[in-house]
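**Q** For the protein sequence lines, the chains are A and B, in the order given.
In this text, residue positions in the first sequence follow my numbering: the first is 271, and each later residue adds one.
In this text, residue positions in the second sequence follow my numbering: the first is 2, and each later residue adds one.
Think of the hints as simulated: they come from the structure by calculation, not from any bench.
Take the hints with a grain of salt, since some may be wrong.
As the list claims (entries may be wrong) - Cβ pair distances, simulated, as ranges:
1. B:F232 x A:Q423: 48 to 56 Å
2. A:P539 x B:M225: 55 to 63 Å
3. B:G284 x A:K405: 40 to 48 Å
4. A:V533 x B:D32: 19 to 27 Å
5. B:T35 x A:F483: 23 to 31 Å
6. B:K29 x A:Y456: 31 to 39 Å
7. A:K405 x B:Y229: 31 to 39 Å
8. B:K282 x A:C512: 47 to 55 Å
9. B:D182 x A:E506: 41 to 49 Å
Said to hold, decoys possible - If you want the ones that stay clear, here's a sample from chain A, every Cβ over 12 Å from chain B, calculated:
10. A337
11. S522
12. N553
C-beta: ideal position from N, C-alpha, C; glycine also.
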Amino acid sequence: MTQDQQKSNGPDPVFETWMKAATDFWSASHTSWLDLMPTGELPDDFQQGLLGRFLEPWQSAAKMFQAVSSQFAETETVSALFEETGLVPEMAQKMAATWWKGILALQSQWIERVGGLAAQTKAFRMQELDREAFKVWTEFYERELRKFLNMPQLGLTRLYQERASRVVDRFNLFQGSLSEFLCMIYAPVEKSLKVVQQEMEKLSAEGEFSEDFKDYYRKWIKVLEGHYMTLFNSPEYVETMCETLSAFEDFSVARREFLEDVVKTLPVPSQKDMDEVYLELLNIKKELRALKKSAGAA
Amino acid sequence: MAEPKLRLDLITKKLAEEAEKVQTRAQKAPDVLTGPLDTDISTTPYEMVYQEDRVRLKHYKPVGESALKTPLMVVYALINRETMLDLQPDRSVIQTFIKNGLDVYMVDWGYPTPKDRFLTIEDHVCGYMDNIVDFIRRTRDVDQINLMGICMGGSFTVMYASLFPEKIKNLITTVTPTNFDTDQGLLHVWMRRVDADRLVDTFGNMPADLMNYAFLLLNPARLMIDKYVGFLENADNKAFVENFIRMEKWIFDSPDVPGETLRQFVKDCYQKNLLIKNQMKLGDRLVDLKKITMPLLNFYGKFDHLVPPAACELLTKAVGSTDTEDICLDTGHIGIYVSSKCQRAFAPKIISWLGERDAPKSAPRKSATRTRKRPTRADRSPPKKAPQKQGRQKAPSEVR
Numbered sequence: 271m272t273q274d275q276q277k278s279n280g281p282d283p284v285f286e287t288w289m290k291a292a293t294d295f296w297s298a299s300h301t302s303w304l305d306l307m308p309t310g311e312l313p314d315d316f317q318q319g320l321l322g323r324f325l326e327p328w329q330s331a332a333k334m335f336q337a338v339s340s341q342f343a344e345t346e347t348v349s350a351l352f353e354e355t356g357l358v359p360e361m362a363q364k365m366a367a368t369w370w371k372g373i374l375a376l377q378s379q380w381i382e383r384v385g386g387l388a389a390q391t392k393a394f395r396m397q398e399l400d401r402e403a404f405k406v407w408t409e410f411y412e413r414e415l416r417k418f419l420n421m422p423q424l425g426l427t428r429l430y431q432e433r434a435s436r437v438v439d440r441f442n443l444f445q446g447s448l449s450e451f452l453c454m455i456y457a458p459v460e461k462s463l464k465v466v467q468q469e470m471e472k473l474s475a476e477g478e479f480s481e482d483f484k485d486y487y488r489k490w491i492k493v494l495e496g497h498y499m500t501l502f503n504s505p506e507y508v509e510t511m512c513e514t515l516s517a518f519e520d521f522s523v524a525r526r527e528f529l530e531d532v533v534k535t536l537p538v539p540s541q542k543d544m545d546e547v548y549l550e551l552l553n554i555k556k557e558l559r560a561l562k563k564s565a566g567a568a
Numbered sequence: 002m003a004e005p006k007l008r009l010d011l012i013t014k015k016l017a018e019e020a021e022k023v024q025t026r027a028q029k030a031p032d033v034l035t036g037p038l039d040t041d042i043s044t045t046p047y048e049m050v051y052q053e054d055r056v057r058l059k060h061y062k063p064v065g066e067s068a069l070k071t072p073l074m075v076v077y078a079l080i081n082r083e084t085m086l087d088l089q090p091d092r093s094v095i096q097t098f099i100k101n102g103l104d105v106y107m108v109d110w111g112y113p114t115p116k117d118r119f120l121t122i123e124d125h126v127c128g129y130m131d132n133i134v135d136f137i138r139r140t141r142d143v144d145q146i147n148l149m150g151i152c153m154g155g156s157f158t159v160m161y162a163s164l165f166p167e168k169i170k171n172l173i174t175t176v177t178p179t180n181f182d183t184d185q186g187l188l189h190v191w192m193r194r195v196d197a198d199r200l201v202d203t204f205g206n207m208p209a210d211l212m213n214y215a216f217l218l219l220n221p222a223r224l225m226i227d228k229y230v231g232f233l234e235n236a237d238n239k240a241f242v243e244n245f246i247r248m249e250k251w252i253f254d255s256p257d258v259p260g261e262t263l264r265q266f267v268k269d270c271y272q273k274n275l276l277i278k279n280q281m282k283l284g285d286r287l288v289d290l291k292k293i294t295m296p297l298l299n300f301y302g303k304f305d306h307l308v309p310p311a312a313c314e315l316l317t318k319a320v321g322s323t324d325t326e327d328i329c330l331d332t333g334h335i336g337i338y339v340s341s342k343c344q345r346a347f348a349p350k351i352i353s354w355l356g357e358r359d360a361p362k363s364a365p366r367k368s369a370t371r372t373r374k375r376p377t378r379a380d381r382s383p384p385k386k387a388p389q390k391q392g393r394q395k396a397p398s399e400v401r
């Protein structure tokens, strides 16, 4: 396959076509707006009334919009604008391209995983747990998207903006970890169902299929319990559990810091303020009790 | 004609029978669930005789004459509630105790709030517990009391008994973790990896909901699926439903755990295993298990997945007492208190064991020694007779 053919088979041509179509749509649609704009003047007596006074500013705004739009009706103006500024801002295009590539990468991972699920499964084997699917999202997020949230903020409210960005960032990371954790928790259910299914097939082939479905339920619960014990003792689970807990802690801290900024605007003490009070109170109580005890002993 | 491998006729027949049973159950279950249900827990009457901050002391008076001179103080864990010992009338350890003449005081740790987050293990053991012990000794005119601990409460009683051995006559520990260097239980495996500092710095008190979720995850197959399937299968059985609801009420009635207490418990016990090594410190005080010289009765469950036998069985060898006994029951963590089989083994054993040791020290005592050790100096010297104070027993309410 030549480079041109590879390029034509990849996502870029589709993306470029989509972008071009979108731009053509928006550039063409503005000309039709002109038809919708009011062109006539309102009658004098109506204008002089209260309603007229209310409508007057709207009419001025409409006239201004009409004047600007009529400029856009000139094809030379539009062409010059798009040529100078580019079809879309470069940064937005780059972001959109990054998203597109990331989504395709995730899709191919998921397709592989679904294909893998159809394969024969062995009981009590947790080694085949596929953590890579979630690692792809986490790596993609950390590599491509996180940098936008970590951009330094400017201006008087920069600290608050940074904390807000940090909440969003930590939330995304927590969601990634949590999804991985929940998927890991669900894996034994999947595997145990498959094991029982295979058992049922084997028994029916041998003619020993039990009529009582409760036997299969009990068997499933027992297999599921065993799978969970194997999973919970595995280092992978402990690691994922600790990572999820850590991500939750990070998110909780970031959320608390953000909320403390909000609470500052209200006459309400923050958690930090109350903790300081609690500690002081506790120390005072302890001193008082010690004094009471020594006074009592004396 | 050969016998078909899959007997569809039998399967469908069985399915039809099951469907009929389900239908009958589904018709009766709403009547049971919406009808009057006796699901109250902790119904044995008691008197609240002491309170200090959130901590309260319940006094259960014996039915009839008091069989023992020495009152018993029960210390439950900070996780879940002490109401488990009085879950239902026919499975109540407290009722068994008081019906057999035991005078029982039970610590109610209450529900920690954010202001309790800085309370340490030392505050609980050397603060609240010591104050309560002194209160009981003062109001009952006794020098010593019997002390019983459950789970983490048992760890606290072990620490207390080593720091204040002169105040404890007999010590009973049940499902009490003292050795944390084991991989037998999942909690031990997980706690070793948890960053306790970060956990406590983030949350303050350990949220009860998070702990409940963690406990459910110990065995999700049984605790989140099979348990409720069992409930649905018996939803038309009023007695079953009542017992089930009582257990549900208790198991999800979890207080938060004070942050600093949890921090030290995870770091010093689960991660460094200092308690059994006699290296644990509460403030400036060193917890030395060799100072536990009073008789010790140690219960644990063979199938306990929370506090496995390996976490409990080293205690009797680590203490300084010569009168020690281990009892391993064929049950799990909670089964010791609520299973009908263990009701016959657990509480009666405690009553008889305490009864044998309640006589004055000068009186001859039946030997119940299960472990042989070199006698200590206390055993060689002549026994002191406890001074007998005359006067009415006073039990005023005391609030600090």
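**Q** State for each hint whether it applies.
**A** Each hint tested on the structure:
For the pair B:F232 and A:Q423, the supplied restraint of 48 to 56 Å holds, since their beta-carbon distance comes to about 53 Å. Checked against the given bound of 55 to 63 Å, the beta carbons of A:P539 and B:M225, roughly 39 Å apart, lie outside it. Range check, B:G284 to A:K405: Cβ separation about 46 Å, and the 40 to 48 Å hint holds. Taken as a hint, the range 19 to 27 Å is violated for the pair A:V533 and B:D32, whose Cβ atoms sit roughly 50 Å apart.
For B:T35 and A:F483, the Cβ-Cβ distance of about 29 Å falls inside the hinted range of 23 to 31 Å, so the restraint holds. About 34 Å separates the C-beta atoms of B:K29 and A:Y456, a value consistent with the hinted range of 31 to 39 Å. For A:K405 paired with B:Y229, a C-beta distance near 34 Å keeps the hint of 31 to 39 Å intact. At roughly 27 Å, the beta carbons of B:K282 and A:C512 sit outside the given window of 47 to 55 Å.
Range check, B:D182 to A:E506: Cβ separation about 23 Å, and the 41 to 49 Å hint is violated. The beta carbon of A:A337 is kept farther than 12 Å from every beta carbon of chain B, the shortest such distance being approximately 58 Å. Non-interface status of A:S522 relative to chain B is broken: a Cβ of that chain comes within 12 Å, the nearest being about 5 Å off. The beta carbon of A:N553 sits about 9 Å from the closest Cβ of chain B, which is not more than 12 Å, so the claim that it is off the interface is violated.
Checked against the numbered hints listed earlier, the structure breaks hints 2, 4, 8, 9, 11 and 12; every other hint is satisfied.
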